[in-house]
Structure formats: C-alpha cells, structure tokens
Amino acid sequence: MTGVSDERAIWLGRHVLPHEPQLRAWLRRRNLGGLEIDDVIQETYTRLCQAENVAHIQDARTYAFQVAGSVVIDHLRRMKVVPISSVPGMDYLEVGSEEPSPERQVIDRDELIRLAAMIARLPGKIRDVFTLRRVYGLSQREVAAKLGLAESTVEKHMAKGFLIMSEFYGHGGNAPAQPSSSRPDQPAKMER
Amino acid sequence: MSAQACPKTAQQIDAEAAEWAARMDRGPLEPDQEKLFLAWLGEDRRCMGAYGRMRAIALTSERARALGPDFDPADFIAAPTFPRRRMLQWGGAIAAMLVIGAGGAWQVLRQRGRFATGKGETKVVALKDGSVVTLNTASAIQVNYGDAMRAVELLQGEALFDVAKDTTRPFVVTAGDTNVRAVGTSFTVRRLETAPVEVLVREGVVEVSKPATGAAPVRVEANSMAVAQESDSGAIAAKPIPPAQLHRQLAWQTGQIAFEGETLAQAAAEFARYSDTRIVIDDPALAQEEIAGLFNATDPVGFAKTIAISLNARASIGEGEVRLAR
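In the order they appear, the protein sequences are chains A and B.
Note that this note's numbering gives residue 88 to position 58 of the first sequence, counting from 1, and the numbers run on in steps of one.
Note that this note's numbering gives residue 62 to position 70 of the second sequence, counting from 1, and the numbers run on in steps of one.
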C-alpha cells in the first residue's frame, strides 16, 4: 500500500545508500545529457523500487551503478539523431562478482558510527527529537509529550532530519566527522 | 523522465519525500492520506525513487537503537582530522581507520578478482577503494589490490579506469609489457591483438612505461593519447587529441560506437569487436566511403540498414552476417 515495501526500503538502506557518494562521484564525470545528478539518483531508486525481485542480486553496488548508467543511456538515446533500435537490457549484468566477505561486520560497525555522527550533527531540536525517536525508540507521540511539542511539529522535525541525513548520505563531503582518533575506546563502545 | 511534463525539481521532490517518510514514521496512513500519497507518487517517475530513498534512510536510522542509552552526541562531534577531500571518499579514511583499530587493514584495502565481458557486453565494476572500472566488449581484467599498490591487469580488450585518489597506493594497470601508473585520474587502456597498446587520458596525468626496456616513463596528460609500440625500441608516443575525438572514443561506455570520417571498412572492423554478426561489404568503392554517426554497438544489422540508406546501398541479412552492396 505504501508503493515501496519496508523490505525493499531496508534493502536499499543496507546495500545501495552506502554507495551513493561513489555513485554520485561517478555520475559527476559522465555526460548526463542535461540531467541533474539528483534526477538520475531518484530515477535510479525508482527503478530499484520497481524491480520485481532483488533477492538474487548479490552485488548491489555494481547493480546500482548499472541501473544509474542505464537511466543516463536511456535519456541520451532519446536525444540522439541516429535511430537506435535495440536498447541493451539489464540481462548482461553479472551478479555475484563481489562476494560478502569477513569485512562485512567491520563495515556494519563503521556504518553505525557514521549514523551516530549524522545524528550528532543534526541541528538542536531536530537532533533531540531524532535521538528520542531513534536511539531511545519512543513513538512520535511520546516524543511530543516528553518535549512538550505538538505531534505535527515532531513529524516536521523528523522530516527535516531525514532530509538532512539524505544530504549526508548523498554528499559524502558534508558527512559528519569520524569520532576523534584520541578516543581509541570508541569503536569498542559501539559494539553494543 | 518526465521532467518537462512536471516542473518539480529533484530538490522539491526530495523535500516532499522526506515529509511522507516522516508521516509514515508516525504510523499507518489514514485512507484519505493514502489516496494523497498515491496521487503524489503518480505525479512524477522520480517520486517513488525519492520516497524509497527517504524510507530507506528512515528505516536504516532505526539501527541507532544499537547505540544504547549512553549515546552522547558530543562524542561524535569531533573536528575533522582529515582534509575535506578525504571525506569525499566514502569508506575511505573512516573505514580504513576503523579497520586498523579492529586489527587488520588488509581486509578492506585488499581486493582480488577477475571480471570479464563477452562480445557486445559492457560492464561496470565498482572496486572497494571507490575506483570504478568500465569494461568494453570482449574484455577481461584481473584485480590484485595490495597494501602498497592497486594493481590491475588488463588481460584483453579495453577498459576505462576512474581512479579514486590515494597517494599512498598508486593504481597501476598492466597491459602486456606496458604499465600505466596513476594516482587519481580517469583513463582508458586498450589492448587488442592486432594493435599496440593505447592509453587515452581523460583527466589527470598518468605515466606509461615498458619496464623491460628500462626507458624512463612517459607522462601523458589529460586529453592526450599514448601509443606503446611493440617494436624492440619500445617507443611510447604521446600526443594531444581534440575533446570531440576523446568523446567519440569513449562512446562505448554508453553502448555506442561513434564514427567521424572512418571508412565503412573500418567501421565494419570496429563492429566485429562487439558482435559475431559480420558486416560484409561486397563493393570495394563502397568499403572506402566515409561515414559519420553514433550507433548502437551491439546492433550491426541496424547500423548496416541505417548506413545503407545514407550511402544509397542495399543491406541483405543472412546467416551470421549482413551484406552491403550497391
């Protein structure tokens, strides 16, 4: 009913979102035929949402690059003078060329630290709302009661939080700093 | 993309998608809200992707529960100790530091694997350091990342290398007896059986050398091409090329072949790299006709038909071949 299943959204968050800065950097070097990178990214996610099944995709990063590439190609083809009959489909995609490896756990922890840093970088009230909702797991209603805010305000803060985080994800340059290296105990603390 | 039918910018759509994701985070939609939501999704193809992305962020951020009640944002606001440029490399500086802390840098820094394409295929390989290799038709690479060097062997064919900058680990492509060394740049290497190794540099600078000859490496700058002759002298000649030609030579990236002034015979030979369907030209004069245009690399028949019209020739399709004659 939501148009995008939670299962698919979780898959996107786990397998595609972390590679978005690389994907954007790659697109930045391409002739996009007048498209904005954000357009290509959105269209790419649309195709990834609409794909019937993603369970067989073992190398989601490469897959996402391929999909983004085909978004651009489809756009460029529409602009060309010479008629091009057959558009190569996604069937040439080879999956599974990058097997999950022992570093998976390390990367997950890395992502958790990055997530913590993103939350820490949210502006004041948004950060408070986000922390209560996401770290403490309160409902939006409970957050509203605790902070003495209207529920609709809490919702607005969450929306702003998601939007800011999407910029963090999208533009690695704005991503928050890593925990200071003078805190060697930090990674261990994160393991909980 | 219906950008013309819908004047919304990607940024507007992202903001709306964030609002929907926040609404969804509050709880299930009421029936009337659901109608609004579905209507919004239908407004533009990009809406679903934008929403899926925001929902991914919303659900991924639920993992923050793992931070526990001791979470103190202040712990995570440290002044960046790496230059901004380093921060751009997702999974670069941060990941490397964390992995070293976990007791072994090699896990992230090393990567090995073989990647190949068949005739008519192209493939994008995203490597863990952020570099991206695009393989052209009938090509193969072997990736051997080590602690000191990011080594890639071009076994055959042609590949475009978009190299993530890492001054501590140079990126070296080996094609036969020729080495191409880069730090962070974008270039192609072409290794065909019938021709010397060619290096085309799109951005930055690379060094091309033939270690066996002992000669000094040749620097090749952006918008230049180097040809490594197979002669004993091992001469490497670099020359600038016009941007238009550079773009034409990279058309394969988008599954296309570009010609400008090549003969039909040369074009047929180029198509043979991408497809088993041969283009046979029965008329010597026709074979010398010069052509121009952008064509789908894997569709020699479509090419032959298109070109037949403009050259006033006839294309007849047979078993595994298409013949052009006047």
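Wrong hints could be hidden among the right ones.
[Claimed, not checked] Simulated crosslink set (DSSO-like; lysine-lysine; CA at most 30 angstroms straight-line): (1) B:Lys231 <-> A:Lys190; (2) A:Lys186 <-> B:Lys111; (3) A:Lys186 <-> A:Lys176; (4) B:Lys27 <-> A:Lys190; (5) A:Lys186 <-> B:Lys297; (6) A:Lys155 <-> B:Lys111; (7) A:Lys176 <-> A:Lys190; (8) A:Lys155 <-> A:Lys186; (9) B:Lys0 <-> B:Lys27.
[Unchecked claim] So, partial list: chain B residues that the calculated Cβ filter (under 8 angstroms) puts toward chain A: (10) Asp6; (11) Arg38; (12) Arg45; (13) Ala58; (14) Val124; (15) Leu184; (16) Ala187; (17) Pro188; (18) Ala257; (19) Ala261.
These are computed hints drawn from the structure, not numbers from a lab.
Computed from a predicted structure; not experimentally measured.
The beta carbon of each residue, even a glycine, is placed where N, CA and C say it ideally should be.
- Item | Hinted contact B:Arg45 with chain A - closest CB pair below 8 angstroms | Because about 5 angstroms separates B:Arg45 from the closest Cβ in chain A, which is inside the 8 angstroms limit, the hint holds.
- Query: A:Lys186 and B:Lys297: Cα distance at most 30 angstroms?
  - Reply: violated (58 angstroms)
- Query: Taking only the CA atoms, is the gap from A:Lys186 to A:Lys176 under or equal to 30 angstroms?
  - Reply: holds (16 angstroms)
- Query: With a cut-off of 8 angstroms, does the beta carbon of B:Val124 approach a beta carbon of chain A closely enough for the hint to hold?
  - Reply: holds (5 angstroms)
- Given the proposed pairing of A:Lys155 with B:Lys111, does the C-alpha separation stay at or below 30 angstroms? Between A:Lys155 and B:Lys111 the Cα gap is close to 57 angstroms, so the pair fails against 30 angstroms, i.e. violated.
- Query: Given the hint that B:Lys27 pairs with A:Lys190, does the C-alpha gap stay at or below 30 angstroms?
  - Reply: Holds - the C-alpha atoms of A:Lys190 and B:Lys27 are around 23 angstroms apart, at most 30 angstroms.
- Message: Hint validation: B:Pro188 versus chain A, beta carbon distance must be below 8 angstroms. Holds or violated?
- Response: At 27 angstroms from the nearest chain A Cβ, B:Pro188 fails the 8 angstroms test, so the hint is violated.
- Would you check whether B:Ala58 satisfies its interface hint, that is, whether its CB is within less than 8 angstroms of any CB in chain A? Cβ of B:Ala58 sits 6 angstroms from chain A, so the hint holds.
- Satisfaction of the B:Ala187 interface hint, Cβ to chain A closer than 8 angstroms: violated (25 angstroms)
- Message: Given the hinted pair B:Lys231 and A:Lys190, is their Cα-Cα distance within 30 angstroms?
- Response: Judged against 30 angstroms, a Cα distance of about 52 angstroms means the pair is violated.
- Task: Compare the distance between the alpha carbons of A:Lys176 and A:Lys190 with 30 angstroms, and conclude whether the hinted pair is satisfied.
- Result: holds (19 angstroms)
- Hey, does the B:Leu184 contact hint survive, CB to chain A under 8 angstroms? violated (21 angstroms)
In the structure shown, a violation is registered for the earlier hints numbered 1, 2, 5, 6, 15, 16, 17, 18, 19, in ascending order.
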